[in-house]
Amino acid sequence: MDHPRSKSGSSANGRSAPIGRRRLLKIGGAALTLAAAGLPRRAAAQKSGGTVTFASTALPPSLEPHMQGLDIWQRRKPLLYENLVWIDHALEPKPGLAERWEQKSPTEYVFYLRRGVRFHSGKEMDAEDVKYTYERVRDPKVSPGASDLAYVSRIEAVDKYTVRFVLSAPVATFLVNLGGKYNGVIPKDAGGDGKVLLTTAVGTGPFALDSFDPSRRLALKRHAQYWGAQKPLLDAIVFQAIPDESSIVAGLRTGQITLAEFSSALSFQVARSVPTLEAIQAPSTRWVVLDLAGDQEPTSKLEVRQAIALAIDRAAILQIAGSGLGQRLGVLPPGLKGWALPWQELPNQQRDVAKARQLLQKAGYTGRVSMKIRNIVGFPALAAALPVIVDNLKEAGIDVTVETVDGGVWIKDWIVPQSPPTMNDWGGYVDPDQAFHRHFHSAPGGRDFRRWKNKAADELMDSGRVTLDRARRKLLYDQLQRMLAEDPITIPLYSPDLLYVRQKSLKGFQPHSTGFYYGLRFASLES
Amino acid sequence: MAEGRTARWLVRRPLLAAAGLTLAGLVLAGVLAPLVAPYSPTRVDAGHVFSRPGGGHLFGTDRFGRDLLSRVVFGIRVSLGIAGAAIAIALLAGGTLGLLAGLGRAADQALGRLMDVFFAFPPILLAIGIAAVLGAGPGTAVVAIAVVYAPLFFRVVRGSVLAESAQAYVEAAEALGRGRLGILFRHVLPNIISPIVIQTAVCLSYGILIESALSYLGVGVQPPTPSWGAILNEGKEFLMLAPWVSLFPGAAIMLAVLSLNVLGDGLRDALDPRAEMR
Amino acid sequence: MRAYLLQRLAAMGLTLFGVSLLVFAMVRLIPGTVVEQLLGQAAMASPEVVGSFRRFFGLDQPWHVQYGAWLAGLLRGDLGVSWLSGRPVLALFLERLPVSAELAVLSVGWSLLIGIPLGTASAVWRGGLRDGLIRVGATVGLSMPAFWQGALLILLFSFYLGWMPALTWVSFSESPLANLAIMALPAFTLGTATAAMITRMARSSMLDVLGREYVRTARAKGVAERRVTFHHALRNALIPVVTVAGVQLGYIVGGIVVVEDVFTLPGVGRLLLDAIFQRDYPVVQGVILLLAAAFMALNLLVDLLYTLIDPRLRRG
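Chains as they are written, first to last, in numbering that gives the first Met the number 0: chain F, 0 to 526; chain L, 0 to 277; chain Z, 0 to 315.
If you are wondering where the hints come from, they were derived from the structure by calculation, not from laboratory data.
There's no promise every hint is true.
Stated by the list, open to error - In silico lysine-lysine, DSS-like type, Cα no more than 30 Å apart, as pairs:
id	chain 1	residue 1	chain 2	residue 2
1	F	K300	F	K371
2	F	K361	F	K503
3	F	K506	F	K454
4	L	K235	F	K194
5	F	K473	F	K336
6	F	K354	F	K503
7	F	K503	L	K235
8	L	K235	F	K371
9	F	K361	F	K336
Unchecked claim - Over 12 Å on every C-beta distance to chain F, these chain L residues come out as not near it, computed from the model:
id	residue
10	A17
11	G24
12	V26
13	F63
14	A106
15	A135
16	A165
Ideal placement from N, C-alpha and C gives every residue a C-beta, glycine not left out.
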C-alpha cells in the first residue's frame with residue numbers, strides 16, 4: 000500500500016495500523032464473489048468492436064467546439080473534432096487533417112489538406128471549411144481561444160485542398176496552437192447562430208455523436224468513413240457521469256464500467272487493488288497550485304510571498320492530498336518534457352519555517368499575519384491540499400481563513416480581476432507560451448489575473464513567443480521559471496498523475512500527458 | 000413546580016433525565032472544547048494518517064492525521080452554535096410576526112400570504128437556495144436555517160394568539176381600553192409560552208439536521224472548520240477506506256437530535272397536560 | 000364547499016405567484032451565470048465572448064423584462080427551455096419524475112407498512128417494555144440524518160456484504176427486479192423518518208380511540224379484546240394517520256433531493272441540484288415552481304380528504 004508516511008512502525012501508539020494490503024484485498028475478494036454470482040458484466044463479455052463504458056465524476060454541459068474551455072470537454076473533444084495538426088505523445092505537432100505543410104517565410108504557412116476526409120454528416124472536408132473554422136475561432140466574440148490565434152492576420156483558401164495562413168509576426172507556437180484545445184474543424188457555416196453546436200456535433204473525428212444528455216451521458220459511435228489508415232476499433236464509447244467515485248470503484252468491480260478516470264487518488268488506490276482490474280498511471284501536464292494576489296495585503300509584499308513558499312510543506316501535500324501519486328514540480332510540471340526545470344534547481348522549494356518567520360518580520364509584520372485563501376467548489380484535490388497549507392502557515396505565523404466559492408464567483412472575480420489568493424488547478428498545455436503568456440503577461444497581451452505586474456517577465460514572455468530557435472527559447476523560459484521561483488506569485492504544489500483503471504479486456508489505451516483521450520482512437524476490447 | 004416534585008417527576012422518566020444530561024454534557028464539552036479535546040482539531044500529522052480508532056486516537060484519525068475525537072468535540076461548538084443561533088433568530092423573527100398577526104385581519108392576511116410562499120418550499124431546498132445566494136459559510140448556514148424555520152414559529156405563535164384572543168381576559172383588557180399591541184405583548188405572550196418552548200426544542204433538532212445536511216452537500220461550513228456535517232462531507236470520499244471518519248460525527252448528530260426529541264416529548268408532556276398519554 | 004375550494008385555489012395561485020418572484024430573484028442573486036459555467040476557466044480570456052453569451056441568453060436585459068418574458072410563457076403554459084440542453088423544462092421534469100415519484104411512493108409505502116402495525120402494537124402494549132422499545136426505536140428513527148443513514152447502508156451492503164445494484168438507472172418497466180434492487184436502499188433511507196413519525200402518530204391516535212366511549216362499550220359488551228382493537232379501534236385511529244402520511248409525502252420532496260444525491264439517482268432532485276450548480280435558470284425556476292405547486296396541491300388534497308372523512312370540519 001502506498002502510504003509511505005503511515006507505516007505502522009512509525010505510529011506513536013502502535014495501534015493505529017494504517018489501511019493495509021489485507022483490507023484492500025478484501026475489497027478485491029468482494030469483486031470476485033460478485034463476478035462469480037453472475038452479475039451483469041456487459042463490457043467484459045464483448046468481443047473486439049464492442050462498447051467501452053467510460054466513467055468519470057463529471058461530463059460537460061455542452062458540446063460547443065469553439066466556445067467551451069472546460070477541461071472535461073477538451074479531453075473528449077479530439078474524438079469528435081480534429082485540426083490541421085495534432086499534438087502527439089511527445090507533445091510535437093504532427094500532420095492531422097493537413098497531410099503536410101510548408102513554412103514559406105517566418106510569417107507564412109501553407110497547409111495541404113488530406114483528400115477524402117469526411118465529416119460525420121458525410122460531406123467532404125475542404126479548404127473553405129478550414130478557413131471558416133479558424134476564422135470563427137479567431138473571432139473574440141465567439142471563442143475564448145481567439146487570443147491563441149490573435150497574430151493570424153489572414154486565412155486564404157488557395158484551392159479546394161490548400162490553405163494559406165499569414166501571420167502578423169513570427170510566432171513560435173503557431174503550429175502548437177493550431178492543434179490546441181479551442182479549435183476543431185467544422186463544416187462551413189455549421190456554427191450557425193451559435194446554438195446548434197451546443198448539443199450536436201459535426202466533426203471529422205474517429206467517433207461521431209450518438210446521443211448527448213448534458214452533464215450526464217455522452218454516447219459516441221464509430222465514424223465509419225474515418226480517413227485514417229487505421230480505423231477506430233471500438234463500435235461505441237459511452238461516457239457516463241457518476242458523481243461519487245466509490246460508486247465508480249463498485250462499477251469497475253462488477254464490470255459495469257470498462258474504463259474510469261479518477262480525480263481522487265484514494266479511490267484510485269482502492270480500485271487498483273482489485274485483482275480483475277489494471278491501473279494506468281501517467282505523468283500529466285497538470286498541476287495544483289496556490290495562486291497569490293499581487294495587489295492585496297499581505298501577499299502584495301514579496302517577502303510574504305517568499306515566506307508562504309517556504310512555509311508550505313510540498314512533500315507532505317503530495318503525500319497527503321495526492322496520496323503520493325504525482326510529481327513534485329518547481330514552476331512547470333515534469334510532464335512538459337524538455338521545458339520544465341527540476342524543482343531541486345530552483346529557490347524557495349524546501350520547507351524552512353524559521354526563514355519564513357524572518358521574512359515576515361522583514362516585511363514589517365511583528366504579530367500574527369492573517370490572510371484569506373479561496374477554495375473553489377468541486378475540486379477534491381484542491382480541497383485536500385488546503386488543511387495542510389492552513390496548518391503549515393499557522394506554524395509560520397500566518398492565520399488563514401478559508402473562503403469557499405462556486406466556480407462562477409471565481410471566474411467573475413477573475414475577469415475583473417480581483418480574486419484573493421486561490422487554490423487552482425492548471426494544465427493541459429503543451430508549450431510554455433500557453434502556460435505563461437495568457438496567465439502572467441500583463442494586459443492587453445495576457446490577463447495577469449494575479450496582478451504580478453512584472454515588466455521583466457513580460458519581456459521574457461514576449462521574446463519567448465517570437466523566438467523560433469528552440470534552444471534559445473528554452474533559455475528564455477529557464478530564466479522565467481527562475482524568476483517565478485524567486486518571486487512566487489504562484490506556488491505550484493504538485494503535479495498529479497493521470498489515474499485510470501481499466502478492465503483487463505480493454506487494450507491499447509495510451510494516456511496522453513495533456514489528459515486528452517487520443518488513446519481511445521486505437522483502443523480495442525478483447526473477450 | 001416544587002423541587003422535590005420535579006425530581007420525582009424526572010425519576011419516573013429516566014429517558015428524559017438521560018436526554019437532559021446528554022445535552023448538558025454536549026454543551027459543556029463544546030464550551031470547554033480546548034480543555035476536553037486531546038489535540039488541536041486542525042493539526043495535520045502526516046505520520047498518523049488514517050489511524051484506526053483506539054489507543055492514542057480514541058475515534059481514529061482522518062486523511063490528514065487529524066484527531067477525529069478533537070474534531071467532533073470542536074464540532075459541537077460549530078454545529079450546536081449554528082443551530083442555536085439560527086433557531087433563536089427564527090424564534091424572534093417568526094414569533095414577533097406571529098404576534099403581530101394578532102393585530103387584525105389585514106395584518107394576518109398579509110403576513111399569512113407571505114409565509115405561505117416560504118411554506119411552499121420544502122425546507123432543505125429553501126436552505127440550499129439561500130446558501131447558494133449567500134455563499135458557503137457558517138453565517139450563511141445560520142441565516143438559511145433561520146429563514147426556513149421562522150415561518151414555523153410564525154404559524155405556532157399565530158395559532159396560539161388566535162386561540163388566546165377569544166379568552167375572557169383579552170376581552171377584559173380590551174374593554175379597559177388597552178392598545179392591541181400592548182395586550183398582545185403584555186397579556187397574550189405570557190400565556191402562549193408553552194407551545195413556543197416545545198416548538199423551540201423540536202426546531203433545534205431540525206436545525207442541527209439541516210446544518211449537517213447543508214455542510215454535507217458542501218454549501219454549509221467549510222473545511223478545515225469542523226462541523227459535524229463538514230466532517231461527514233470530507234469523510235464520504237474515503238467511506239470505504241476509513242468508515243470511522245463518517246461513523247462518529249454521524250453518531251454525534253444522532254445523539255444530539257435524539258436528546259432534543261426526547262426533551263421535546265417530555266416538555267410536551269409536562270407543559271401540555273392534554274398531550275400526556277399515560 | 001365549492002366556495003371553500005375556489006378560495007383555496009385562489010390563495011394557491013397567489014402563493015405560486017409569490018414563489019415565482021422569489022425563485023426568479025433567488026437564482027439571479029446566486030453569484031455567477033450559465034455563461035461562466037459554459038466557458039469555464041477560459042472565460043477570462045475574452046470579455047467579448049462573455050458579452051455575446053450574455054446577450055445570447057438574454058441576461059443583458061433588465062430583470063423585469065426577463066421576468067415578464069418568463070411569466071408570459073408561464074401563462075401560456077410554457078415553462079421554457081433549458082439553456083444547456085435546449086430541451087423543454089417540462090419534458091426534462093417529466094422524464095425525471097418517475098424516478099422521484101417511485102422513490103416517494105415506495106418510501107411512504109414501506110413507512111405505512113411498518114409504522115401502523117408498530118404504532119398499534121405499541122398502543123396495545125402501552126406502558127410495557129415492548130412499548131418502550133418501540134417508542135425509543137421511533138425516536139431514534141426520527142433522529143437519524145438521512146444522508147448519514149444512506150452512506151452507512153452503502154458501506155454495509157457494497158463493502159461488507161458485497162452487494163451492489165446496477166449503477167446506471169433501470170426503469171421498473173425495463174426490469175422490475177433490477178429497478179427495485181436500485182430503489183431498495185434509497186426508499187428505506189428516505190422512509191425511515193416517516194415510518195417513525197407514523198409509528199408515533201398511530202400510537203397516540205390508537206390510544207385516543209381506545210379510550211373512547213364506543214370502544215369501552217364494545218369491551219363492556221364482552222367483545223374479544225383482539226376484535227375491539229382491530230375491528231373497532233384501528234379503523235377509526237387510521238384517519239389521522241393517513242393524514243400525516245399525506246403531509247409527509249409533501250415533506251419527502253425535500254428529502255428526495257438529499258437521498259438522490261447520496262445514492263446518485265437520476266431524479267428530479269438531481270436535475271434541480273445540477274441546474275442550480277450550472278445556473279440553468281429556466282430549469283431551476285420551472286422545477287421549483289412545479290414542486291411548489293405539487294406540494295400545495297397535496298396539502299389541499301389532504302385537507303379535502305380530511306374534510307370528507309370528518310364532517311364536523313366542513314362547517315369550519
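Comparing the hints with the structure gives:
1. Restraint check: the Cα-Cα separation between K300 of chain F and K371 of chain F comes to about 15 Å, which is no more than 30 Å; the hinted pair holds.
2. Note on K361 of chain F and K503 of chain F: the hinted pairing is violated, with a Cα-Cα distance of about 58 Å set against a maximum of 30 Å.
3. Proximity of K506 of chain F to K454 of chain F is assessed by CA-CA distance (about 50 Å); at most 30 Å being required, the pair is judged violated.
4. Between K235 of chain L and K194 of chain F the CA atoms are separated by roughly 38 Å; this puts the pair beyond 30 Å, and the hint is violated.
5. Under the criterion of a C-alpha separation no larger than 30 Å, the hint pairing K473 of chain F with K336 of chain F is consistent with the structure, at around 11 Å.
6. Annotation: proposed proximity of K354 of chain F to K503 of chain F is violated, straight-line Cα distance about 51 Å (limit 30 Å).
7. Between the alpha carbons of K503 of chain F and K235 of chain L the distance comes to roughly 28 Å, so the proposed pair stays at or under 30 Å and holds.
8. About 26 Å separates the Cα atoms of K235 of chain L and K371 of chain F, which keeps this hinted pair within 30 Å; it holds.
9. As the CA atoms of K361 of chain F and K336 of chain F are separated by approximately 38 Å, the hinted pair breaks the 30 Å bound.
10. Under the 12 Å C-beta cut-off, the non-interface status given to A17 of chain L relative to chain F holds; the minimum distance is some 31 Å.
11. At roughly 26 Å from the closest C-beta of chain F, the C-beta of G24 of chain L stays outside 12 Å, upholding its exclusion from the interface.
12. The claim that V26 of chain L lies off the interface holds: its Cβ sits roughly 26 Å from the closest Cβ of chain F, which is beyond the 12 Å cut-off.
13. A cut-off of 12 Å between C-beta atoms contradicts the statement that F63 of chain L is not in contact with chain F; the least separation is 5 Å.
14. No Cβ of chain F approaches the Cβ of A106 of chain L within 12 Å, the least distance being about 39 Å, so the stated non-interface status holds.
15. Listed as outside the interface, A135 of chain L is inconsistent with that label: its C-beta sits roughly 5 Å from the nearest C-beta of chain F, within the 12 Å cut-off.
16. Against the 12 Å criterion, A165 of chain L stays outside the reach of chain F, whose nearest CB is about 50 Å from its own CB.
Comparing the model with each numbered hint stated earlier shows that hints 2, 3, 4, 6, 9, 13 and 15 do not hold.
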